[in-house]
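Asks: Spelled out from the first residue to the last, the chains are:
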Amino acid sequence: MQQIIEFFIRNKNFLLFLALFSLGISLTQNAHSGLYTRNIASTNKITGRVFTWFSDLQSYLALRQQNEELIAENAQLLKRLNNIQSDTLALDSLVKTGFKIGMASVDSSEIDRLKIIQAHVINNAYHRQKNTLTIDKGTLDGVAPDMGVASPMGIVGIITHVSEHFSVAQSILNTSSRIVVKSKNSDHFGTLIWDGEKPDHLVLTEIPKIASLSIGDSLVTDGKSTIFPRGWPVGTVTDINPAKAQDYLDVSVRPHTDMSSLYHVYLIQRPEATEIRQLEKRSQNEL
Amino acid sequence: MNSSAQWLSILGRFLVVVLIQIFLMDRILLFGFVNPLIYCYFILLYPLQGSRIWLIITSFILGLSIDMFNDTGGAHAAASVFLAWIRPVLLNFSFGVSYQYNTTKIPNAPLGQQIIFVFTAVILHHLVLFSLEAGSWTYWYLVLKSTLLTSLFSTVLILSAFQFFSRKSI
Chain A
1 MQQIIEFFIR
11 NKNFLLFLAL
21 FSLGISLTQN
31 AHSGLYTRNI
41 ASTNKITGRV
51 FTWFSDLQSY
61 LALRQQNEEL
71 IAENAQLLKR
81 LNNIQSDTLA
91 LDSLVKTGFK
101 IGMASVDSSE
111 IDRLKIIQAH
121 VINNAYHRQK
131 NTLTIDKGTL
141 DGVAPDMGVA
151 SPMGIVGIIT
161 HVSEHFSVAQ
171 SILNTSSRIV
181 VKSKNSDHFG
191 TLIWDGEKPD
201 HLVLTEIPKI
211 ASLSIGDSLV
221 TDGKSTIFPR
231 GWPVGTVTDI
241 NPAKAQDYLD
251 VSVRPHTDMS
261 SLYHVYLIQR
271 PEATEIRQLE
281 KRSQNEL
Chain B
1 MNSSAQWLSI
11 LGRFLVVVLI
21 QIFLMDRILL
31 FGFVNPLIYC
41 YFILLYPLQG
51 SRIWLIITSF
61 ILGLSIDMFN
71 DTGGAHAAAS
81 VFLAWIRPVL
91 LNFSFGVSYQ
101 YNTTKIPNAP
111 LGQQIIFVFT
121 AVILHHLVLF
131 SLEAGSWTYW
141 YLVLKSTLLT
151 SLFSTVLILS
161 AFQFFSRKSI
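Just so you know, the sequences run in chain order A and B.
Mapping of the first sequence onto this note's numbering: position 146 corresponds to residue 146, and the numbering continues sequentially without gaps.
Mapping of the second sequence onto this note's numbering: position 148 corresponds to residue 148, and the numbering continues sequentially without gaps.
Okay, chain A solo, but in the shape it has when bound:
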């Protein structure tokens, strides 16, 4: 017994190191698998407040740039309005076929049904492998996990964790991010991933060769995932290579959104998402 106690006293430094080191590793593993302890995420009260304070200061200093972005968005909306007014006749058929009107090619009746919350990014990482965004709206504002996050230009991420006043989203710059997208001109779809290298470079995989993509094509969301509506803008094709697997392509994509400068975002929820998910789950259970 005495020997055991002596062993502990002699090795107390190493044992303490081992205990705290494994605690650190297990916290990291939890963070990766998404089982956050709420205290160690930036949805936490203290860190949330500190970040809000700092981002208020930053947004004040960046008002000029924000203004310019809003003016650009306004101009785009005005153009869209003009198109609608001058082109009412052609509009009907366009909406029905779900083609492009102004910025987004989303079916406009679907836009009306979407639940959209305006929010701000208060912490944005884009240099790590598993990047996340902290957003200043939480359950009290109606935010729920699996809502889509989009900037005025295109998709940005998916909400994963929510607290009362804040939420955390998995950025599209996260090596675990998988988003189904398709070419704007055809219905061939693939999975959009990030290879962890550059914030302006995404990779579209699992897209068949017959999709006949060409450089400069626009990519939009597919709508199969129930998170983003069909036709939300994603990015443009910058390079196309044959993939290792035969009959597939590896496509480089530049996102429309500058991921290193994010402030105004929209949180999007499809009203029918829960119904679709429940139905699909039920059918899986029964099969």
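Quick caveat, the hints were computed from the structure, so don't treat them as lab data.
Backbone N, C-alpha and C define an ideal beta-carbon position, used for all residues, glycine too.
Any given hint might turn out to be false.
Non-contacting residues of chain A with respect to chain B, defined by C-beta distances greater than 12 Å in every case (computed) [unchecked claim]:
hint : residue
1    : PHE7
2    : GLU206
3    : HIS264
4    : THR274
Among the chain B residues that face chain A by a calculated CB cut under 10 Å, a handful are [as the list claims (entries may be wrong)]:
hint : residue
5    : ASN35
6    : GLY63
7    : ASP67
8    : ASP71
9    : GLY74
Please arrange chain B on chain A, whose structure you already have, making use of the hints.
Replies: Positioned in the frame of chain A, the structure of chain B alone reads:
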């Protein structure tokens, strides 16, 4: 120095290092991905005659504070604890046994020894940190790249902090 003054100076250094890391260093991204980590300064300059147990515990809390602001779970905490535990080995390796008799002050030691000490410490810390953050060896090439480049910048920053902010006389 009496012990309560020493504790106060340790606490002050802790807060300053965390604030500089979060509000200054975490906003810097050289070449798009190099994010210098200056908070190792605290672990490296922890009083040489201080207790090892407390060094390990405060390093854990230091790492965890950085983790909270970065959403990295416990990667910084684990890396900091590792650095705190291995520090005596590195001290011995870079300054020889003389540091044990309390005759050396790190900022007063020859520059070559300082560079060896800081660089080996920082590179070990960053290697543990980035490996944990990546979560798998799929991205080993990126882990090594960011470890090497980030270590260079962290080392330069920490060494300059030694020159500017340490009282050499005491």
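Asks: Hints first: check each against the structure and report whether it holds.
Replies: Hints, verified against the model:
The non-interface label for A/PHE7 is consistent with chain B: the shortest C-beta to C-beta separation is roughly 16 Å, beyond 12 Å. Non-interface call for A/GLU206 relative to chain B: holds, since the shortest CB-CB distance, roughly 18 Å, exceeds 12 Å. Non-interface status of A/HIS264 relative to chain B is upheld: no Cβ of that chain comes within 12 Å, the nearest being about 20 Å off. Every C-beta of chain B lies more than 12 Å from that of A/THR274, the closest at about 27 Å, which supports listing it as non-interface.
For B/ASN35, the interface hint holds, the least distance from its beta-carbon to any beta-carbon of chain A being 6 Å, beneath 10 Å. With a least beta-carbon distance of about 7 Å to chain A, the hint placing B/GLY63 at the interface is held under the 10 Å criterion. Contact between B/ASP67 and chain A, as hinted, is supported at the beta carbon level, the nearest pair being about 6 Å apart and thus within 10 Å. The criterion of a C-beta within 10 Å of any C-beta in chain A is met by B/ASP71, whose closest approach is roughly 5 Å, and the hint holds.
A distance limit of 10 Å between C-beta atoms decides the matter here; for B/GLY74 the minimum to chain A is near 3 Å, and the interface restraint holds.
Checked against the numbered hints above, the structure breaks none of them.
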